[in-house]
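Student: Letter by letter, the chains look like this.
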Amino acid sequence: MSAFLRDYLIVILFALLACGVVGGFIGLGAIFRPNRPTAGKVQNYESGVDPVGDGWSQSQIRYYIFALLFVMFDVEAVFIFPWATQLETFGYFGLVEMVIFIFILALGLVYAWRKGVLRWV
Amino acid sequence: MLAQAVEVSEFVRPHIDWHAFAPELILLAWGALVTVIDLIGLEKTRRYIPGLTGIGFLLAMIPVLTLWNDGSTRVLFDGAYVVDEYALVLKGLFLITGYVVVLFSTYYMADGDYYDSEYYQLIAASLLGMLVMTSARDLISIFVALELISIPAYLMAAWRKRDLKSNEAGLKYMLMGVFASAIMLYGMSLLYGVAGDTRLSVIGEAFTVSESKPLFTLAVLFTIIGFAFKISAVPFHTWAPDTYEGAPTPLTAFLAVASKTAGFVALVSIILEGFSGQAEVVEPFMWILSAVTMTVGNLIALKQTNIVRMLAYSGIAQAGYMMAPLAVYGTVSDAARSSIVTYLVIYAAMNLGAFTVVIAAARRTKSGEVASFGGMINWSPGLMAAMTVFLFSLAGIPPMGGWLAKWQIFSALLEADRNTGVALAIVAAVNSVIAAYYYLNIAKQMWFLPSPEGEFRPFKVPAALTAALVITVVLTIGMGVTGFVPEITEFVAAP
Chain A
1 MSAFLRDYLI VILFALLACG VVGGFIGLGA IFRPNRPTAG KVQNYESGVD PVGDGWSQSQ
61 IRYYIFALLF VMFDVEAVFI FPWATQLETF GYFGLVEMVI FIFILALGLV YAWRKGVLRW
121 V
Chain B
1001 MLAQAVEVSE FVRPHIDWHA FAPELILLAW GALVTVIDLI GLEKTRRYIP GLTGIGFLLA
1061 MIPVLTLWND GSTRVLFDGA YVVDEYALVL KGLFLITGYV VVLFSTYYMA DGDYYDSEYY
1121 QLIAASLLGM LVMTSARDLI SIFVALELIS IPAYLMAAWR KRDLKSNEAG LKYMLMGVFA
1181 SAIMLYGMSL LYGVAGDTRL SVIGEAFTVS ESKPLFTLAV LFTIIGFAFK ISAVPFHTWA
1241 PDTYEGAPTP LTAFLAVASK TAGFVALVSI ILEGFSGQAE VVEPFMWILS AVTMTVGNLI
1301 ALKQTNIVRM LAYSGIAQAG YMMAPLAVYG TVSDAARSSI VTYLVIYAAM NLGAFTVVIA
1361 AARRTKSGEV ASFGGMINWS PGLMAAMTVF LFSLAGIPPM GGWLAKWQIF SALLEADRNT
1421 GVALAIVAAV NSVIAAYYYL NIAKQMWFLP SPEGEFRPFK VPAALTAALV ITVVLTIGMG
1481 VTGFVPEITE FVAAP
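Protein sequences appear in the order of chains A and B. Residues 1 to 121, numbered by our numbering, are exactly what the first sequence covers, in order. Residues 1001 to 1495, numbered by our numbering, are exactly what the second sequence covers, in order.
Rather than coming from a laboratory, the hints here were simulated on the basis of the structure. Check the hints yourself; a few may be wrong.
Calculated cross-link-like contacts (lysine-lysine; reagent style BS3-like; alpha-carbon spacing at most 30 Å) [stated by the list, open to error]:
| id | chain 1 | residue 1 | chain 2 | residue 2 |
| --- | --- | --- | --- | --- |
| 1 | A | Lys115 | B | Lys1213 |
| 2 | B | Lys1165 | A | Lys115 |
| 3 | A | Lys115 | B | Lys1172 |
| 4 | B | Lys1161 | A | Lys115 |
A few chain B positions that, by computed beta-carbon distances, are all more than 10 Å from chain A [what the hints assert, rightly or not]:
| id | residue |
| --- | --- |
| 5 | Ala1032 |
| 6 | Leu1039 |
| 7 | Leu1076 |
| 8 | Asp1078 |
| 9 | Tyr1154 |
| 10 | Met1176 |
| 11 | Phe1179 |
| 12 | Val1292 |
| 13 | Gln1304 |
| 14 | Ala1371 |
| 15 | Thr1388 |
| 16 | Asn1419 |
| 17 | Ala1429 |
| 18 | Leu1449 |
Even glycine gets a Cβ: it sits at the ideal position worked out from N, Cα and C.
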């Protein structure tokens, strides 16, 4: 087996170990604990608040639009962070490039703002 | 090796040939300008947006012409971006196609009360991707260009958002497109894995010495299947008719002409440059794909009663003809390239023209059925004459452009002087006869059969549509009569 594949063997062993530990402890708990279900106990657990409605409820489409705008600037950050660490090397060339890049992205935000997408109606 | 990559070397500002990049930059800057104007003016400037977008496309034509005049091949970014005659002919083709699409979108969009300005900005974005595609000689730039072409098109396919069919069109197109991109990306990752570089020229050299044949075959198959979805080759065509029928008709024309051409450009670049030494792997695959595509496309087109669906299947069949020279490219690489470019140019003119007539006629008939064309000789002789030109051209009847395109394909196939080439030429010839039936059937409707409405109220074609018709008719007949296109595309063949 090559050294390359041997590295992956460790990953597989680690994954198996993780499954074994978690599965083992939950299994042990299931064997030893008493089983007395009540209505309150079998409810879905959601941060201690009583669940309301059914699992297939619809969420507002408006959240989606905000999420989309968020993703846009999230991706922008992926490009800006490495660029920022090397800004001195790139000099003015890098600065101008990034200004153009941000301008085009900002145009998208201005578009959404001007067309009233950001208003919560 | 890792230490080498991490080590910070002195940054050298890459040399950029601004002249070679000018068409793309003009389009980008103009698109941003149009967006800004739209944002400032909103409803007040809304009716100027189509005109402005069209002007931008014509402005981007100027550097294409000066670069053509200059004539030298310009290589940017270590060979990842090449501006040569092949790229310039196609850039010109895309810009003119974009202009005609803007012309015939104008009334459709304004009549339908759709989001107007965004539509044109998305067309411009998609067109920018196409311009990049013509010059891309690198897997990454090809992929980015392809996504830049496709993503605006997914949105525009669902533009008639209150119509269920348009929603279906957009969803189907997006799901199939994303699926195809994933397959293609997998193929490309294998190519990179074997060759160790993303540039097509390096991949081409790497494979002539490489010994990992099975891996290479797999990579080629996945990459070609990805593009087969984009150019709607059988058996990867199933999205096309539904998307074409449901999408707004101007956008359908854009998909059927520009988007398909862009897929072909990428396919031709990748096969002729990246897979140049591996003809025995690629050729049989392209042979089967081409023969099946033209046969199935034509046979299903025979049964269609909706004209847009019929044009969709006819477009599938035409893609089959266009793929045919790739089945013999190992022997006649130059002829294959120039015949495909010739076909793409002529196909764009005649198919855009046919869609223009469909859009114009639908303003009167409000229908997409073939029967609604009945009696057109009475209600619009001009439209009928134009449609006859396009149908004869699509069927390949001289002196319209279509025969020249077909003749180039056949001569490339026969020039290879191989049994496979001759066999494919026979399949293509039989298919041309089948295709003539359904093209001429529409001509029969227009010339001889009565109008289903039975009345002849006067009908006026708007100015923008007339302009689109004049451009396409002149190009279709002009290219057929003068043989102008081969003169341009013979430059293309020169390496």
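Student: Confirm or reject: B:Asp1078 is not an interface residue toward chain A, with every Cβ-Cβ distance exceeding 10 Å.
Tutor: holds (18 Å)
Student: Would you check the hint for A:Lys115 and B:Lys1172, treating anything up to 30 Å between C-alpha atoms as holding?
Tutor: Within the cut-off at roughly 28 Å; holds.
Student: Just want to verify: B:Asn1419 was marked as not at the interface with chain A; is every Cβ pair farther apart than 10 Å?
Tutor: The assertion about B:Asn1419 holds, with a minimum of 45 Å to chain A.
Student: A:Lys115 and B:Lys1213: Cα distance at most 30 Å?
Tutor: violated (54 Å)
Student: Is the claim that B:Gln1304 lies outside the interface with chain A correct, judged by CB distances over 10 Å?
Tutor: holds (36 Å)
Student: Is it correct that the beta-carbon of B:Val1292 has no partner in chain A closer than or equal to 10 Å?
Tutor: Given a closest Cβ separation of 40 Å, the condition holds.
Student: Beyond 10 Å from chain A, beta-carbon-wise, is B:Ala1032?
Tutor: Not fine: 6 Å to the nearest Cβ puts B:Ala1032 too close to chain A.
Student: Evaluate the condition: distance from the CB of B:Ala1429 to the nearest CB of chain A exceeds 10 Å.
Tutor: holds (50 Å)
Student: Was B:Phe1179 rightly flagged as not at the interface, with every chain A Cβ beyond 10 Å?
Tutor: Holds: least Cβ distance 21 Å, greater than 10 Å.
Student: B:Tyr1154: least C-beta distance to chain A exceeds 10 Å?
Tutor: holds (14 Å)
Student: Does the claim that B:Leu1039 lies off the interface hold, with its Cβ farther than 10 Å from every Cβ of chain A?
Tutor: Non-interface label fails for B:Leu1039: nearest chain A Cβ at 5 Å, not farther than 10 Å.
Student: Just checking, B:Met1176 versus chain A, shortest CB gap more than 10 Å?
Tutor: holds (22 Å)
Checked against the numbered hints above, the structure breaks hints 1, 5 and 6 and satisfies the rest.
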